[in-house]
Amino acid sequence: IIPDQNKFEIQIFEKPQQAKDWVVFKSIEFPYINLYWVGTIVMVIGFVISIFRRQKELVTR
21 IIPDQNKFEI
31 QIFEKPQQAK
41 DWVVFKSIEF
51 PYINLYWVGT
61 IVMVIGFVIS
71 IFRRQKELVT
81 R
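Here the sequence shown is numbered in our numbering, starting from 21 and rising by one per residue.
I should point out that these hints are in silico values taken from the structure, not numbers from a laboratory. Computed from a predicted model, the values in this text were never measured in an experiment. Hints should not be assumed to be uniformly reliable.
Quick list of simulated restraints, FRET-style, between CB atoms [what the hints assert, rightly or not]: (1) Gln75 <-> Ile53: 30 to 36 angstroms; (2) Arg74 <-> Lys40: 28 to 34 angstroms; (3) Gln75 <-> Phe50: 44 to 50 angstroms; (4) Arg73 <-> Glu49: 47 to 53 angstroms; (5) Phe67 <-> Lys46: 32 to 38 angstroms; (6) Ile69 <-> Val44: 38 to 44 angstroms; (7) Phe72 <-> Tyr52: 26 to 32 angstroms; (8) Val58 <-> Glu34: 54 to 60 angstroms; (9) Lys40 <-> Ile71: 43 to 49 angstroms.
Backbone N, C-alpha and C fix where the C-beta goes; we use that ideal spot for every residue, glycine too.
Using the sequences and the accompanying hints, generate a full structural model.
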């Protein structure tokens with residue numbers, strides 16, 4: 021309160037927000053990733069074929 025000037029001051033304080041957590045990823049180039057995926061696909065196809073062959077063997081017994 022400033023009586024000489026017929027004024028009063030109001031100060032407002034805002035609580036600082038917490039800093040948001042950040043996750044930083046480092047991206048690297050893996051030159052043989054396509055070879056990895058081809059191998060994975062071949063393994064999955066072989067697994068599926070083996071399941072069908074095993075079922076066929078069990079049914080014919």
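Do the hints match the structure? See the list:
no.: 1; hint: Gln75 <-> Ile53: 30 to 36 angstroms; result: 34 angstroms, holds
no.: 2; hint: Arg74 <-> Lys40: 28 to 34 angstroms; result: 52 angstroms, violated
no.: 3; hint: Gln75 <-> Phe50: 44 to 50 angstroms; result: 37 angstroms, violated
no.: 4; hint: Arg73 <-> Glu49: 47 to 53 angstroms; result: 39 angstroms, violated
no.: 5; hint: Phe67 <-> Lys46: 32 to 38 angstroms; result: 33 angstroms, holds
no.: 6; hint: Ile69 <-> Val44: 38 to 44 angstroms; result: 43 angstroms, holds
no.: 7; hint: Phe72 <-> Tyr52: 26 to 32 angstroms; result: 30 angstroms, holds
no.: 8; hint: Val58 <-> Glu34: 54 to 60 angstroms; result: 57 angstroms, holds
no.: 9; hint: Lys40 <-> Ile71: 43 to 49 angstroms; result: 47 angstroms, holds
Against the hints set out earlier in the document, violations occur for numbers 2, 3, 4.
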